[in-house]
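Number of protein chains: 4
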Amino acid sequence: MATRRDTRGVTDGLGERLAATRTLTLDLVAPLSDADATIQPFPDASPAKWHLAHTTWFFETFVLRNRGHAPFDERFAYLFNSYYEAEGDRHARPKRGMLSRPSLDEIRAWRAHVDEALDSVLPGLDERGLKVVELGIQHEQQHQELLLTDILATFAENPLEPAYFCYCEAPKETRQSSAGEGGLLPPAQGRGGNGGGEWLQHAGGTVMIGAEETGFAFDCERPCHRALLHPHALASLPVSNAEWEQFIVDGGYATPTLWLSEGWAWVRENAIEAPLYWRPDGTHFTLAGRVARDPAAPVAHISYYEADAFARWAGARLPREEEWENAAKGAGASEGQQLDGRDWVVPTEKTGMFGSVWEWTASAFLPYPGFVTEAGAIGEYNGKFMRGQFVLKGASCATPRGHSRASYRNFFPPSARWQFTGVRLARDA
Amino acid sequence: MATRRDTRGVTDGLGERLAATRTLTLDLVAPLSDADATIQPFPDASPAKWHLAHTTWFFETFVLRNRGHAPFDERFAYLFNSYYEAEGDRHARPKRGMLSRPSLDEIRAWRAHVDEALDSVLPGLDERGLKVVELGIQHEQQHQELLLTDILATFAENPLEPAYFCYCEAPKETRQSSAGEGGLLPPAQGRGGNGGGEWLQHAGGTVMIGAEETGFAFDCERPCHRALLHPHALASLPVSNAEWEQFIVDGGYATPTLWLSEGWAWVRENAIEAPLYWRPDGTHFTLAGRVARDPAAPVAHISYYEADAFARWAGARLPREEEWENAAKGAGASEGQQLDGRDWVVPTEKTGMFGSVWEWTASAFLPYPGFVTEAGAIGEYNGKFMRGQFVLKGASCATPRGHSRASYRNFFPPSARWQFTGVRLARDA
Amino acid sequence: MATRRDTRGVTDGLGERLAATRTLTLDLVAPLSDADATIQPFPDASPAKWHLAHTTWFFETFVLRNRGHAPFDERFAYLFNSYYEAEGDRHARPKRGMLSRPSLDEIRAWRAHVDEALDSVLPGLDERGLKVVELGIQHEQQHQELLLTDILATFAENPLEPAYFCYCEAPKETRQSSAGEGGLLPPAQGRGGNGGGEWLQHAGGTVMIGAEETGFAFDCERPCHRALLHPHALASLPVSNAEWEQFIVDGGYATPTLWLSEGWAWVRENAIEAPLYWRPDGTHFTLAGRVARDPAAPVAHISYYEADAFARWAGARLPREEEWENAAKGAGASEGQQLDGRDWVVPTEKTGMFGSVWEWTASAFLPYPGFVTEAGAIGEYNGKFMRGQFVLKGASCATPRGHSRASYRNFFPPSARWQFTGVRLARDA
Amino acid sequence: MATRRDTRGVTDGLGERLAATRTLTLDLVAPLSDADATIQPFPDASPAKWHLAHTTWFFETFVLRNRGHAPFDERFAYLFNSYYEAEGDRHARPKRGMLSRPSLDEIRAWRAHVDEALDSVLPGLDERGLKVVELGIQHEQQHQELLLTDILATFAENPLEPAYFCYCEAPKETRQSSAGEGGLLPPAQGRGGNGGGEWLQHAGGTVMIGAEETGFAFDCERPCHRALLHPHALASLPVSNAEWEQFIVDGGYATPTLWLSEGWAWVRENAIEAPLYWRPDGTHFTLAGRVARDPAAPVAHISYYEADAFARWAGARLPREEEWENAAKGAGASEGQQLDGRDWVVPTEKTGMFGSVWEWTASAFLPYPGFVTEAGAIGEYNGKFMRGQFVLKGASCATPRGHSRASYRNFFPPSARWQFTGVRLARDA
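So the protein sequences, as listed, match chains A, B, C and D.
First residue of the first sequence? That's 1 in this note's numbering, and the numbers climb one at a time after it.
First residue of the second sequence? That's 1001 in this note's numbering, and the numbers climb one at a time after it.
First residue of the third sequence? That's 2001 in this note's numbering, and the numbers climb one at a time after it.
First residue of the fourth sequence? That's 3001 in this note's numbering, and the numbers climb one at a time after it.
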């Protein structure tokens, strides 16, 4: 696969990246049985098999369909459309775990068929077509992360506590951190010890926020626009497991005044006492099975409610998304670790903003000034979810390499915990 | 395997029957993939894999445990105990579909291990031990039927409409009917045409009901006791698909006065308009996939509410369980089709009471006069479900050969439809 | 009001009884404010005001409507029809607590208007009309009891614990017991002390069960029919508060093997630890407010599940409805306390079967052999509730005088506790 | 009542305003019966009686308690605390409709008692005490509006469609508009006709947002801070009923691509087809009963989801809260209608931003930069609700005179419709 152009949203090497992305997805499901790949652990998560199929449906529908390629199986559109109303009726989301057929191998065959077809149409694509391919790659990378979090959620439901991999076997390509010694999970140890962080001050002022016009970005990251920062400080490190244990010991989960009203109701209805996957014996459940928690590692699998309550307990607050993004851009720029403007491989020494856990911000996921959606089904990508969610910045140990950038706006509802979500403190200065 | 004795509940050939039963269960899951066998279509149904494992747990726990055999895997008791409180904590029923591990092959290995151990202990069992083996066989036969109904429910959730088998491939051993021409599903055509039935009169009087002391029966079938019949008549045939279509055309599902108050609420909340698995185009979904409905075949997959409303619409009522049982015993006796007092292979020409569909009765599932439960966990078999269920008599096309008898009391909640459930009319005479 | 005839279901003095019944209902709500009478404590209970209105709607609809009387307010039929499908659309049951209008006084005015009209039509009624008036009286008496239980449920929701009356003020007419010393609530002390009961043996045999053709009875009590009793014994007294406390102390609510499977789920989901209205300090909430429990008084406000578990704990079982009814008829007959064949004023010394608590039986509420419903809306009285309920026999301290008889079949779902429900033990003999 | 000081949050005439506020609340419930005042129409709304009691509890708890005044009734704190965790346990919110006692008159007696005590302590209050009194007044004004919206919701549940008042009787003091010809409801006609509005342009830039340090404001309105506006335009009039009808006719409620994903789910689950209280015959239900809709009046009783979908349909968007506030301040300033910096009596000709309907903004209700809560229970006022809600600006026809200002931040969940909520369009310029 080779591309001819490099315009907005389409970079050199598109074919190579497409091939690498498609291959990585297959690698990620390699340790799974057909049965593992069929289970849907809860309605908001999807079976591994479904991720494999949906990312293929995306290319077949938006790239191949209008270029003379008949669908591999006409019934798959109904099964593997996620939420695109413009693409017609679809299988109910909570029923995704009912699909033992098609089998994992049948879906692999479909993928091979689509990959071959993509190879044949790629050379002839116009700019718009290339942009959709780029979107397909980015979309598939998002599902690679979900695939890992959903496998974790699936195995966590099994009293046998299966392990997805041993530490030594962590697929290297999915690691955000280049350090290598960490492995995919638990979140890489990015700090020297408890409480070793410091406050990084910012005097405030007007800054540019969002993705620039060149290079790939999701629609919700644009337009790039001016934003006003107030004087503030950000912690140089995310909150660690050891710090979270202090919060628990201090009665954090039993003190209503630390919590949002809705968060307190959530704590009580669900009898929440610790981050998801924590066990009372000092271990937590990970993709490597149940292992001892590393006190120095960033806490993961916390909800927005928990992040917010912790910040209140600590006398601090959550960062606003523009504060976070501005710090990330500055840090990167000043230390030369920005590879091509989009790809953060090595977290900076001081902030480690990419590669361990997504960090909850205080910002609701809402449109930027001047935000417009694309026409057609593609336009249903982000805009229609702009209600009830909070922005997370950074990237996690499960984010594919090359899929993070300072302008990235991840988002989840405030009760979501099955992602690798953590927290960094901020305060007014 | 060979047995030395023949006392109450333990017949000659126990070892052979045990081996045949264990083999049939494996045969029934042979067409399934690991993924097929993992899905739980709804909380009251179980994955095929779970049936395979639970029936093995039963033997391992109640036969092998106290005879020097360590469990194959100590964690399995937690996973595969169904509802025996005396056996300790267990995996939550609605979570049975979360178990991709152990795999289908691992469960097969466990079965082989247990079968071998059973072989070794069988010759030394005392009467009590033999009775538990007999119970284990009967228990496994019950799960064979559930296995088929749960596979049907699983495949019915899949928009691809997979078929479990072709007609020609129906496993012969599971067929209740010896006619051979019918196949497992849809329910065998047991009648010459629509409305060909007649009313069989009974003058009433005192009769014996329930299972005699010799031969196997579940606890709820005993003690055998006197019951008073009032004059009545029973239809010689169960209600057919064609008759059910008349009920629909006549507005049966839209006429509240035909329904129990609770049934009417159920109809409206669930938008019920036809038997489960019926499609508007004259087909229904079966284990052989979607096929045309046979107008003359007994209607199947109806709830008690529907059976009751149909009877009211027809100016009739449902049979009481003692009326049904008395007729079945009489019919069998008079026509010499009772093989060994327990095994009804060939339905009589006139009534066809075994082998097509379970038939809802008007009787709540309650204890017989003098009913007592066994001590210990085994005593949790039936008694604790004696509330909120109705008795069904007969057997269905999915009932294993040799597992039916006139005193059998099957039971399900009034809204259950995923079993092969039909209806036979009765009236006061 | 005076009546001219005395045929089946219509006795002498109908007019007087009608007037007395209508007056008693008004007396029962006299202690209530408009606000008290408006609250619906939960969906299965109704506001006092609604009972007042519904019983009036019954007479207006089924007696006056076809005899030249226009409805008082055409909108009331929609508001105060309870469940008669044949009478058209109606206000949703769970919304009955939304009706501050019409006010209590407006409903009283409606009652006065209807009472006057009834006075004028009564002399001209034919037999069918008179039977409907009789049904209306009996129907209103049922609502008198519900009115008291629903007021109790309403006040129990109020942390201020209001009292409906002081002991000395208990409305005499509603007392089942003529002894006078008891008062309406808590259930009259009908026994000399704890455990003072004895087993009353019955040898079994065929008996007549149900209401005879003469005299009023609800449709579900007929036809009178033969039933077969097996040898059994009944306790001479219902279970007392003191005995129930033993059950609690012995871990009754924490022992799963004592419970039906469904009952155990109910206990856990609702954290049930004692009868409804019991407080941990030895008191219970009654219509007289919170008072000390009398150890010797029959336990009240228990569910079928609790009654059944208690019986299992005690090594006994619940009575079958035919056992209970036969004992009640026999006891009455032999001791001359049967006034007119229907009205049990004085409980017998030995059994005290009427007047304290309704007694759960082991019998599901199902139709008698030969049961038929009336045509039209009146036919919706009982038959359509014959599913999911258990029969209760006897009467309670809240049952109006003259409204009990041995053939009476009260019924409630197994989880219901807000009625005055208790338990008497039985056992096989 | 007279006050001695005028510092931040405490203005001259505090005593007079306190008396007037307390009196107005009583006037508002004057048309209600005890039963009317007892009903809770749904869990998020409260009985009128409860509003009356809770606002009294507020003064008794936060002003009188520490100044030598024993509570009127010690049990009331449990009943009438709303959500202040620091004030201890409280009656469950969904159970507020269970309180027929205390009666409306008993609550009036309590109010009189507290008012007298307030009179006696007011002269001696220090600055902090006076600020709490001011907060109590503002708090009670909020409940005056809720009282009206909750009465409307209560009467809307009654098929008799009671009217709270006739037009001519609308309590004058509650009217935001001084025009007088409008009446409280439906929302005052503030425009000459359909589509008569125009776009008011704003070039963007940095502006001051929030309440200044002097004068009363709720904590969430502070601190006053700089905000960056992007170029935009605001409609001069809110959307009218006639415009909303066009949206309906054009299939607005049936076009998924117009809606947020969550909004579309809400539309379908609740079968939403029009604003709350609209009837298909061109009428809507109001506090004056069911009346014809005025095509030119602002649409009311719409959810955020509906406002957002309408804006998308119209090719526009919702205003951000800072855009709205800046316009309101500018409009007022330029036309001299700002009475004392806080009290907007007369809507401007051009924008009519106060007095008809609250206007949904695109802004999530989140803390301003530098936001801090007060210590203690008072600090639970707004901050803990900063999640899941959207900001509404302006005021409605039910907002008490003197209770609106440009910096006011009202907030409700996106599905709330029982307030007088409307929408004004905005667009990027």
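It is possible that part of the hints are untrue.
In silico negatives: residues of chain B with every beta carbon more than 10 Å from chain C [to be verified]:
#1 1305
#2 1308
#3 1380
Pairs of lysine-lysine, BS3-like flavour, derived with a Cα cap of 27 Å [said to hold, decoys possible]:
#4 2095(C) <-> 3095(D)
#5 3131(D) <-> 3329(D)
#6 329(A) <-> 95(A)
#7 1329(B) <-> 1095(B)
#8 1095(B) <-> 95(A)
Since the hints were made in silico from the structure, they are not lab data.
All residues carry an ideal CB built from backbone N, CA and C; glycine is no exception.
Which earlier hints turn out false for this structure, listed by number in ascending order? 1, 2, 3, 6, 7
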